Amino acid sequence: MANLTIHEHLLSLLIGLPIVGGVAVLCLGEARAEASRWVALATAVASFLLSLPLYAGFNPGLFDMQFVERLRWIPTLNVQFFVGVDGISMPLILLTTFTTVLVVIAGWKSVEKRVSQYLAAFLILEGAMIGVFAALDAVLFYVFWEVMLIPMFIIIGVWGGPRRVYASIKFFLYTFLGSLLMLVALIYLYLKSGSYDLLVFQRLPLSLHEQTFIFLAFLAAFAVKVPMWPVHTWLPDAHVEAPTGGSVVLAAIMLKMGGYGFLRLSLPIAPDASRELDWLMISLSLIAVVYIGFVALAQRDMKKLIAYSSIAHMGFVTLGAFIGFRIAAATGRTTGIEMGLDGSIVQMISHGLISAAMFLCVGVMYDRMHSREISAYGGVVNTMPKFAGFMVLFALANAGLPGTSGFVGEFLVILASFKANVWFAFLAGTALVLGAAYTLWLVKRVIFGPVANERVAALVDLDGREFFVLGVLAVLVLLVGVWPAPLLDVLRATTQHLAQQLLFSKIAP
Amino acid sequence: MTAFSVATYNAGLVYARPEIFLGAAACLILLLDLFIAESQKRWLGSLAILSLLVTAVLVAVQPLVTRVVVLGDLFELDRMAQVLKVVALLTVAVVFVYSTDYLRRRGILKSEYFVLGLFATLGILVLISAANLLTLYLGLELMSLCLYAMVAFDRESGKAAESGIKFFVLGSLASGTLLYGMSIIYGVTGSLQLHEIATSVHNGLAGNVGILFGIAFLIIGIGFKFGAVPFHMWLPDVYEGSPTCVTLFIGSAPKIAAFALTMRLLSEGLAGSQPDWSQMLIVLAVLSMAIGNIVAIAQVNIKRMLAYSTISHVGYILLGILAGTPQGYQAAMFYTITYVIIAAGAFGMILLLSRQGFEADALDDFKGLNARSPWFAGMMAILMFSLAGVPPFVGFPAKLGVIQAVLAAGYAWLAVVAVLFSVVGAYYYLRVVKLMYFDEPIDTTKLGGSALMRTVLSINALLAFGLGVMPAALLALCKQALP
Chain W
1 MANLTIHEHL LSLLIGLPIV GGVAVLCLGE ARAEASRWVA LATAVASFLL
51 SLPLYAGFNP GLFDMQFVER LRWIPTLNVQ FFVGVDGISM PLILLTTFTT
101 VLVVIAGWKS VEKRVSQYLA AFLILEGAMI GVFAALDAVL FYVFWEVMLI
151 PMFIIIGVWG GPRRVYASIK FFLYTFLGSL LMLVALIYLY LKSGSYDLLV
201 FQRLPLSLHE QTFIFLAFLA AFAVKVPMWP VHTWLPDAHV EAPTGGSVVL
251 AAIMLKMGGY GFLRLSLPIA PDASRELDWL MISLSLIAVV YIGFVALAQR
301 DMKKLIAYSS IAHMGFVTLG AFIGFRIAAA TGRTTGIEMG LDGSIVQMIS
351 HGLISAAMFL CVGVMYDRMH SREISAYGGV VNTMPKFAGF MVLFALANAG
401 LPGTSGFVGE FLVILASFKA NVWFAFLAGT ALVLGAAYTL WLVKRVIFGP
451 VANERVAALV DLDGREFFVL GVLAVLVLLV GVWPAPLLDV LRATTQHLAQ
501 QLLFSKIAP
Chain H
1001 MTAFSVATYN AGLVYARPEI FLGAAACLIL LLDLFIAESQ KRWLGSLAIL
1051 SLLVTAVLVA VQPLVTRVVV LGDLFELDRM AQVLKVVALL TVAVVFVYST
1101 DYLRRRGILK SEYFVLGLFA TLGILVLISA ANLLTLYLGL ELMSLCLYAM
1151 VAFDRESGKA AESGIKFFVL GSLASGTLLY GMSIIYGVTG SLQLHEIATS
1201 VHNGLAGNVG ILFGIAFLII GIGFKFGAVP FHMWLPDVYE GSPTCVTLFI
1251 GSAPKIAAFA LTMRLLSEGL AGSQPDWSQM LIVLAVLSMA IGNIVAIAQV
1301 NIKRMLAYST ISHVGYILLG ILAGTPQGYQ AAMFYTITYV IIAAGAFGMI
1351 LLLSRQGFEA DALDDFKGLN ARSPWFAGMM AILMFSLAGV PPFVGFPAKL
1401 GVIQAVLAAG YAWLAVVAVL FSVVGAYYYL RVVKLMYFDE PIDTTKLGGS
1451 ALMRTVLSIN ALLAFGLGVM PAALLALCKQ ALP
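From first to last, the protein sequence lines stand for chains W and H.
Quick note on numbering: the numbering used here labels position 491 of the first sequence as 491, and the sequence is numbered without any gaps.
Quick note on numbering: the numbering used here labels position 16 of the second sequence as 1016, and the sequence is numbered without any gaps.
Isolated chain W (complex conformation) (with noise of 0.2 Å):
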């Protein structure tokens, strides 16, 4: 192995890379703006860059935790550094460095305002996302947990909408109260197990009780993120008010947190308390399908409407993580599990990618309308065909048409639901009937019929950066949606692994 140093401080020099990217940026200062694009764009593309090892390198074959690295941190406190990655969290660190490539891109021209703390603010974000994935040590995790909210906070309130303020308080103050729930149950494993290493909490054995309760605090962290209904009440008000690039972060990746946290964290510490309370998690994924599915419907401003259908495809991503249960109970074997967390997790990175490219389909057209209401628009095809090519083109993915993304990751969970109980099938594939009523719907508004004001038709088509970024999206959703199988190959030996680790019970004897 040539590359042998490299991977050994990998994934420190994807955390880091940004981070040192983001304060040089800030360094650079507002009055050279344009020196800050180069330099951000250069630091985004880098850290691509140097993530696409991570793929290449990594063995498919083993559910051990890959490019570790482990060093001293805090030691009075047991905390370590302590990173390392497995079939689901590379995935989402390549759609992290990925994502940040286009949000930069994205914001080139239509960011005018402090452009050097905007991009500093992204890059600092994407820094903190890669940590949260690779972290392996509770007090790391919850560190990097943590700090994401600082940019994306600032990132709604200063360049957000009118209600900005109230949207990002909002955001910060329902994430931390569930993150500092996560702290105590942490602490609390420290105690028990005496150290914070995340694999050490996975085979710590644990009373129901003591599960329920860890199950329970980590629940209020990870459904805020997620969101689940109910708390989920901040996305909308977040999104609407977040500018593109804040939209695309927040819906590709930091929603995907919530999930991530529940196949680390809740699934594998405390599977006991998990298949106890997998009723309450089903149930709440269904209503956030069906309920919010029929909410999305009566949005009349297009990233309300997005952030709820967002809302009822993550709920798929609960659904497939919890459906597993049932599945073994009847069949006591782990297939339906693994087909459960497969779709889970195909359906996160399937909704990054759709939702990052829908949020940015609104922003183009933001940039040149400055309204997000439906109301305003209508035959938009007549003046930008090639936006609205990829515009329907991403609504079909995003209602789960076969041959795109969207269609893999729910037609598993629904297949195992299936397997589970044909009536939540039924209640899941409600989704699809929904998922293309409320967008088919939106693009029949919005993009076809007659022209209809005279802003629509002075509408200039799509310039070179806005259809590359656009393009990109669209190779990537037919991709997945054609040949998941380099997706599902990285996840295989991990959620076989994790399926494991969810038929035994952890209960003390």
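Just so you know, the hints here were simulated from the structure itself, not pulled from any lab data.
Fair warning: this is a prediction, and the values are worked out from it, not measured in the lab.
Treat the hints with care, since some could be wrong.
Keeping only pairs whose Cα atoms sit at most 27 Å apart, straight-line, the calculated DSS-like set for lysine-lysine is [to be verified]:
#, chain 1, residue 1, chain 2, residue 2
1, W, Lys113, H, Lys1367
2, W, Lys113, W, Lys304
3, W, Lys170, W, Lys304
4, H, Lys1110, H, Lys1041
5, H, Lys1041, H, Lys1159
6, W, Lys170, H, Lys1367
7, H, Lys1166, H, Lys1110
8, W, Lys386, W, Lys444
9, H, Lys1479, W, Lys192
10, W, Lys113, H, Lys1446
11, H, Lys1159, H, Lys1367
Based on the hints, put chain H in the right spot on chain W.
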């Protein structure tokens, strides 16, 4: 107690060398003041800072293997005392740096501020090293009396005079209560020596009603000096009414003294009654976190807001102490030290924003600071996020340590209460960040402040970041201090 001998007594003076030096330096500056022209007074400030730094070096170089008790068993020097003294001295030096500018711009640059400050610091040092209830009280009163005078030191300000009186009356009441508690403890145990008290409490006096009664009074006194609810009433008024440089002084180093006072009295003298005083401290801690954090939301004056924030942070410090374990004490010590660093920086920011005839003590004065000075807006943001306990800033390891100690001591509900109130607290710290970043500035004058002050303030804020990312060294020091 062994027979008194002059020779051993004198030999013990070596350990009090820093205190003796600081006392002499303060007297010297007081004298020099008479011979120095009005325009040259700022040199006295520099001299005061220099003497503090020299004292800090003198403390730091004291070779110390274990705990020593000297000067007729009145004076004790241990690792904790050494660390706390160095932190207190450096904090006061930083406070003086921030204050010099402010005082000069207001035309009240007089040596009294520095001399009183030095004597108060001397009181803090004596208190930290107290091995006897009398020394403890002596140090506490020396500090308190100087602070009363400092609050009212701006003669022209009616508000300051009012605060001074309020502080004096309530402070004396607290001292009286403390003294009463001490006398009861003395009456029951027959000793003023902290370690003798500890021995008698350990040997069967733990449940004694007299001791419990004494503890209750001591805790009232401690609560007053710390500013814990329900003995916090003086704190917001004094913080608001004092000249900001005095608020800065009161808000920083005396917290270290209050911590030392609590440690000496409760964990050293009355360790045997730990379950009893823990119960009392729980009440103070929960109330402080609740009232401090909730009432802070309603404030529009940043000095008052920081006063309530102090109250809430005292609650967290008490959490560590009431755990009653070495981990808890270490966590509380780390919390106190880091809180003092953050508080000094936060008040320093108010001083930086103020100028001739303008106090900058309304929250709205921070509006749009990012447009006026992105650098100092960033520094203030670091300080605010530190106070909120958000990683990667220093408030986080401090809270982590305290919550860990409380959970380990078996108070899971307290840990949950603590985190819930820190969410409430996050709101008003975020509001300051919001004002600085999201709003447009009201006035666009350039920030004042000498180059020295700006540099020290930046280092101060960056320390809050640096210690948050790399808290290991300071944590190790606290662990060494309180094994």
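How the hints compare with the structure:
1. W/Lys113 - H/Lys1367: holds, 17 Å
2. W/Lys113 - W/Lys304: It holds: about 24 Å lies between the C-alpha atoms, which stays within 27 Å.
3. W/Lys170 - W/Lys304: holds, 16 Å
4. H/Lys1110 - H/Lys1041: It holds: about 7 Å lies between the C-alpha atoms, which stays within 27 Å.
5. H/Lys1041 - H/Lys1159: This hinted pair holds, its Cα atoms lying about 25 Å apart.
6. W/Lys170 - H/Lys1367: holds, 20 Å
7. H/Lys1166 - H/Lys1110: holds, 23 Å
8. W/Lys386 - W/Lys444: Roughly 16 Å separates the two Cα atoms, so the pair holds.
9. H/Lys1479 - W/Lys192: Satisfied, since the Cα-Cα distance of roughly 21 Å is no more than 27 Å.
10. W/Lys113 - H/Lys1446: Roughly 21 Å between the alpha carbons, so the hint for W/Lys113 and H/Lys1446 holds.
11. H/Lys1159 - H/Lys1367: This hinted pair holds, its Cα atoms lying about 25 Å apart.
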